[in-house]
Amino acid sequence: MNTLQMAVADGMTIARRNALKIKRAPDLLGGVIALPIVFVLLFAYVFGSMIELPGISYGEYLIPGIFVQTIVMSGQITGYTLTQDLQKGIFDRFRTLPMSPSAVLTGQTVSDVIMNVTSIVVMALVGLVVGWRINSSPAEAALGFAMLLLFAYAYSWVTAAVALALRKPEVFNNAATILSMPLVFLSNAFVDSARLPGPLQPIAEWNPVSTIVQAARELFGNIPPGAAEPAAWPLRHAVPVSLLWSAVLLVVFVPLATRLYRRAVSR
Amino acid sequence: MTAAIVAEGLVKRYGTVTALDGVDLTVPQGTVLGLLGPNGAGKTTTVRILTTLLKPDAGRAEVAGFDVVRDADRLRAHIGASGQYAAVDDHLTGAENLEMVGRLYHLGVKRSRRRARELLERFDLAEAADRPVQGYSGGMRRRLDLAGALVAEPPVLFLDEPTTGLDPRARAALWELIAELVAGGTTVLLTTQYLEEADRLAHRIAVVDHGRVIALGTADELKDQVGGDRIEVTVTSEADLRAAGDALASLAAGGVQADAAALRVTVPVSGGAAALTTALGRLADGRIAVRDAGLRRPTLDDVFLALTGHEAGRQADEKIKESVR
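Note that the protein sequences, when read in sequence, are chains A and B.
In my numbering, each number is its position in the first sequence, counted from 1, plus 771.
In my numbering, each number is its position in the second sequence, counted from 1, plus 246.
The following block holds chain B by itself, in its conformation from the complex (with noise of 0.2 angstroms):
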C-alpha cells in the first residue's frame, strides 16, 4: 500500500511561539488518519500545511505525490479541505457555491453543474438548493461546505473537525458519509477533538499535543498503552472503599487506584469476565454493599488523560505526561 500522505519533521513557529515542533505522519491509501488533540495542540496548523495553505518553516510533506511547497499548484488539483468555519458564500444558493467551486477545479460548466445536483442530493440539501445559504442552519452550512471538498472527488481529503456543531443526527450521518468514501478508496485525514469519532471512524491515530505527536497507532494499540481491562466497583461507603481494595487486592494485575469522592475503586485484571465473577464473590465475602461493579475496556479517553494528563478538548493548568512512546 502507497503513502497518500507523508510528512516528516514539520515545524511552524509564530514569533517565539511553536505551533509545531517537528511532526511526522504517515497515511495510506484509502485509510483514514484521525489527529487527536486539545485545542492549540498543533491539529489545525498540520492540516493548513499540508492543504498548502501555510508553508512550513522546516521539515517536508507530500500528499498525493506532490511535494506541499514546490509541487503547491499542482497538488491542489487532487485535494479537498473542509475547514473548522463552513467557508460558503451567504448570497449564493447552495448550488451556485458547489458549481462555483466546480469551475475553480476547471471541470467545465456542465460537469460543475451535474456535479453540484449530485452532492446537494447525496447530502440532503435538494430543497435548499436554490435558496441563498443566508437562510440555512448551522448543520447545513457544514454539509454544504463538506460537499464543497467533495466537489472533485478528490482522492485525499482533509476535514478539519468535520462534526463540531454538528447535531448528533448529521454527525451520524457524517460519519456514514466518510466511511462510505473510504470504502471507495478516499484517503482521509481528519482533526477531532470527539475521542469517539476517533475511535469510530480513524484506522489509525495520531495524538497530537504541544506540536509534537505524542502516540500513534489503532484505537486499540493505544488503548493497550494504557493497560488491559480493570474491573470498576462502586460501594456505598468510604469504610467499604478501603475493605473493597483490599479484597481485590490479590486480582490486582497492576496497582488498584481507589477514588474517595466517587466511592470507586479500579483494579486492573487480566482473565476478562471470569475475574468480574471472583471479584464479586470475594466482594460478597467480606460482606461489602456494592452499588455498582462492571469490567471494562479502557477508553481513548483514559488514553488521552494518560497520554497528556488533562483531557481531550480542555487544556488542563498542570501537564502531568508520561511518555508512552
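Here chain A stands alone, though its shape is the one from the complex (with noise of 0.2 angstroms):
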C-alpha cells in the first residue's frame, strides 16, 4: 500500500468508527435527526405565525436558514468528539499503530459529512410538511445541496481546530456555543438583514453565514418575488463568495487543525 491509499483507507476505517459513534450515542444521534426536527417546527411555527412576507410562505424562507442553522450548531459535534477522544487516550493508540497520521482529522470530518447528510435529508423532508418548495431546477438544488455540504465539510475543520486549541470537553462546548449562536442569529438566517437596526447590519451582512443562507435561498429559488437586490457585495454574489468562503476556510483550518492535533497529542 502507498501513502496515499494507506490514508484513504484508514481515514475510512476511522470514519467508520466515528459514523458508528454517533449512531450508538443518543446524545450525538439527538444532534444529528432530533435538533434539526426540532428547530424547523419550532422556527416554522412560531416565527411563522408573526412574520409575514409578500407573495412567499415565511417557511419556504425560512428552511435554508434552518439548514445552515444546524450545519454550525451539530459542528460542535465534530469538537466535542475530537476533546473527548483527547481525554481517553484513544489517540495515544492510534499513534503507536503503522496507520496514517492523518486518518484521525479527516476519518473525523468525512463521517461528520455523513452526519451533515442525515441532518439535511432529515429537515428537507420535515421543511416540505411544513411548505417549503424547491422552485428552481434540479441542477440548481443539486448545487445548492452540494454547496451546504461543501461548507459543513470545511465548518467541520474550523470546529476541529478549535476544539484541538481547547482540549477539554467542557471548555469547548462553551466556547462554541458563545461562538455559534452570534454567527447563526446576526445573520439573514431568520430575518432580512437590510432591516437589522444600525451596527448590526453591515455585520449580519458580511456574516459568512448570510451568504451561504443567501446562496441557499437563490439556489432552491426562495427569495421572495419582488424583494429588493440586496445592497452588500457578497450578498449580491451570494452563490460564488459561498464557495470562496468555504474553500478559505479549508485552505486555513486544514493545516492549523493539522498542526494543533500533533502538538495536542505529543504531550
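Among the clues, some could well be false.
[Unchecked claim] Capping the alpha-carbon separation at 20 angstroms, the derived lysine to aspartate or glutamate pairs in EDC-like fashion look like this:
| hint | chain 1 | residue 1 | chain 2 | residue 2 |
| --- | --- | --- | --- | --- |
| 1 | B | K301 | B | D267 |
| 2 | A | K794 | B | D319 |
| 3 | B | K356 | B | E399 |
| 4 | A | K859 | B | D336 |
| 5 | B | K301 | B | D270 |
| 6 | A | K939 | A | E823 |
| 7 | B | K301 | A | D863 |
| 8 | B | K356 | B | D376 |
| 9 | B | K356 | B | D336 |
| 10 | B | K356 | B | E367 |
| 11 | B | K469 | B | E442 |
| 12 | A | K939 | B | D336 |
| 13 | A | K859 | A | D798 |
| 14 | A | K794 | B | D336 |
| 15 | B | K301 | B | D317 |
| 16 | A | K859 | B | E342 |
| 17 | A | K794 | B | D270 |
| 18 | B | K356 | B | E342 |
| 19 | B | K301 | B | E254 |
| 20 | A | K859 | A | E911 |
| 21 | A | K794 | A | E1000 |
[As the list claims (entries may be wrong)] For each label pair, taking beta carbons as the anchor points, the in silico distance ranges come out as:
| hint | chain 1 | residue 1 | chain 2 | residue 2 | range |
| --- | --- | --- | --- | --- | --- |
| 22 | B | T272 | A | R1030 | 32 to 38 angstroms |
| 23 | A | L950 | B | A418 | 49 to 55 angstroms |
| 24 | B | E442 | A | V942 | 39 to 45 angstroms |
| 25 | A | R1034 | B | N285 | 22 to 28 angstroms |
| 26 | A | A965 | B | K301 | 51 to 57 angstroms |
| 27 | A | R1030 | B | G354 | 31 to 37 angstroms |
Simulated from the structure, these hints should not be mistaken for lab results.
A quick note: this is a predicted structure, and the numbers were derived from the prediction, not measured.
The beta-carbon is built from N, C-alpha and C at its ideal position, and this holds for glycine as well.
The task is to assemble the complex, starting from two chains supplied on their own in separate frames and drawing on the hints.
Structure (C-alpha cells):
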C-alpha cells in the first residue's frame, strides 16, 4: 500500500468508527436527527405565525436558514468528539499503530459529512411538510445541496481546530456555543438583514452564514418575489462567495487543525 | 541473543522539569524487563518514547531494530502497546474495537475480523463481544485494551501498568497470559508499581527513580545487593528487645537492627536455617519470650527501600539515596 492508499483506507476506517459512534450515542444522534426536526417545527410555527412575507410563505424563506443553522450547531459534534477522544487516550493507541497520521482528522470530518447528509435529508423532508418548496431547476437544487455540504465540511475543520486548541470538552462546548449563537442569529437566517438596526446590519451582511443562506435561497428558489436586490457585495454574489468562503476555511483550517492535532497529542 | 529494545542516554525535559535524566536499557529478545519505580519516576515517559509517542530531547533508542525517531513509521508495525488508561471506544462493541485496530495495522478486513474473535475468546470476552464497551467492567476494559495490543501479534510488547485496577483473579490470569506470550518468543517491557508483579514476571528488573535507572538485574541479584538472609525475632517487651539483640549479636553478619515500635530485632545472617536454630537456642537460654521468629530473604520491598529511600508506589518526602551501583 502506498502512502495515499493508506491515508484513504485508514481515513475510511476512522470514519466508520465515528459513524458507528454517532449511531450508538443517543446524545449525538439527537443532535443529528432530533435537533433539526425541532428547529424546523419550532421556527416554522413560532416565527411563521408572526412574520409575513409578500408572495412567499415564511416557512419557505426559513428552511434554507435552518439548514445553515443546523450545520453550524451540529458542527460542534466534531469538536466535542475530538475533545472527548483526547481525554480518553484513544489517540495514544492510534499513534502507536502503523496507520496514516492524517486519518484521524480526515476520518472525523468525513464522518461529519455523512452526519450532515442525514441532518439535511431529515430537515428537507420535515421542511416539505411545513411548506418548503424547491422552485428552481434540479441542477440548481443539486448545486444548492452540494454547496451546503461543502460548507459543512469546511466548518467541521473550523470546529476541529477550535477543539484541538481548547482540548477540554466542557471548555470547548461553552466556547462553541458562544461562537455559534451570534454567527447564526446575527445573520439573515431568520430575518432580512437589510432591516436590522445600525451597526448590526453590516455585521449581518458580511457574516459568512448570511452569504451561505442567501446562496441556498437563490439555488432553491426561495427568494421572495419582488424582493429588493441586496446592497451588500457578498449577498449580491452569494453563490460564488459561498464557494470562496468554504475554500478559504479549508485552506486556513485544514493545516491549522493538523498542526494543533500534532501539538495536542505529543505532550 | 539479540536485543529487542536498546535505549541509550534517553533524556526528556518538560520546561525546567527533567522527566528522564539519561536512561539506558537493554532487553534481550524473548525476555521481560520490569521497569519498577514510584509515580513520577519516569516509567511512563520511557515507554512513551519507546512506543514513538514522544521524541527524546537527547539519547537514542531502537526497538525491533528500528530507530524510535528516524524509523518511527516502520517501527509501529512491530510493536503493541497497552497504556495506563484503557484506550478503547465506549460506543463500539468489543469486536468492533479490535477489528478497527486490525484494520489500522492493515491486516485486511477478513483477518482483522478473525483475529478479533480469537482474542475475545482468549481474553474471556467472547460473551460480551457484541456489546458496546460502555457496559464493560473496569477489568473487562483492561483486558480489551491489552487484546488491542496483541492484534498484530507484535514481537515487542509495551505494557504500562497492565494490572493496575484489576482484581486478583484477573491479575493472575493476565500474568499467565504474559508468561505464555514470552514463552512464544515475545519481548515484553512492562512498568509496574507492584513488586510482586515484577518479581513474578520479569527476567530482569530496572529500578527507576528521578528519571534514572538506579539498579538493574534479576530479582535475586537485586536482593543480594541488599544483603542475604536475615532472622527476624519479635519479642514481648522492650527489655527483651535489648536482651535479644545482645544474645544474637555474635551471629550477625552485619548490623543488628532493633525496631522498638514493632518490638522486632532483625539480624543479617549467613548460614540459613542452621543459624535460625542456633538463634532460637540462645533466646531460650536467655529466657527471652519470643512471640514470632523466622528466617527470610529480603523482598523487593527491601531492595526498593534501600535503593530509593522510600517505599514503592509512594513518593516519600525525604530522599535518602544510597548508591548501589
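Results for each hint:
{"no.": "1", "hint": "B:K301 with B:D267", "result": "holds, 14 angstroms"}
{"no.": "2", "hint": "A:K794 with B:D319", "result": "violated, 32 angstroms"}
{"no.": "3", "hint": "B:K356 with B:E399", "result": "holds, 16 angstroms"}
{"no.": "4", "hint": "A:K859 with B:D336", "result": "holds, 10 angstroms"}
{"no.": "5", "hint": "B:K301 with B:D270", "result": "holds, 16 angstroms"}
{"no.": "6", "hint": "A:K939 with A:E823", "result": "violated, 43 angstroms"}
{"no.": "7", "hint": "B:K301 with A:D863", "result": "holds, 14 angstroms"}
{"no.": "8", "hint": "B:K356 with B:D376", "result": "holds, 17 angstroms"}
{"no.": "9", "hint": "B:K356 with B:D336", "result": "violated, 23 angstroms"}
{"no.": "10", "hint": "B:K356 with B:E367", "result": "holds, 17 angstroms"}
{"no.": "11", "hint": "B:K469 with B:E442", "result": "holds, 13 angstroms"}
{"no.": "12", "hint": "A:K939 with B:D336", "result": "holds, 18 angstroms"}
{"no.": "13", "hint": "A:K859 with A:D798", "result": "holds, 18 angstroms"}
{"no.": "14", "hint": "A:K794 with B:D336", "result": "holds, 12 angstroms"}
{"no.": "15", "hint": "B:K301 with B:D317", "result": "holds, 12 angstroms"}
{"no.": "16", "hint": "A:K859 with B:E342", "result": "holds, 17 angstroms"}
{"no.": "17", "hint": "A:K794 with B:D270", "result": "violated, 47 angstroms"}
{"no.": "18", "hint": "B:K356 with B:E342", "result": "holds, 13 angstroms"}
{"no.": "19", "hint": "B:K301 with B:E254", "result": "holds, 14 angstroms"}
{"no.": "20", "hint": "A:K859 with A:E911", "result": "violated, 44 angstroms"}
{"no.": "21", "hint": "A:K794 with A:E1000", "result": "violated, 43 angstroms"}
{"no.": "22", "hint": "B:T272 with A:R1030: 32 to 38 angstroms", "result": "holds, 36 angstroms"}
{"no.": "23", "hint": "A:L950 with B:A418: 49 to 55 angstroms", "result": "holds, 52 angstroms"}
{"no.": "24", "hint": "B:E442 with A:V942: 39 to 45 angstroms", "result": "holds, 41 angstroms"}
{"no.": "25", "hint": "A:R1034 with B:N285: 22 to 28 angstroms", "result": "holds, 26 angstroms"}
{"no.": "26", "hint": "A:A965 with B:K301: 51 to 57 angstroms", "result": "holds, 55 angstroms"}
{"no.": "27", "hint": "A:R1030 with B:G354: 31 to 37 angstroms", "result": "holds, 32 angstroms"}
In summary, the numbered hints that this structure violates are 2, 6, 9, 17, 20 and 21.
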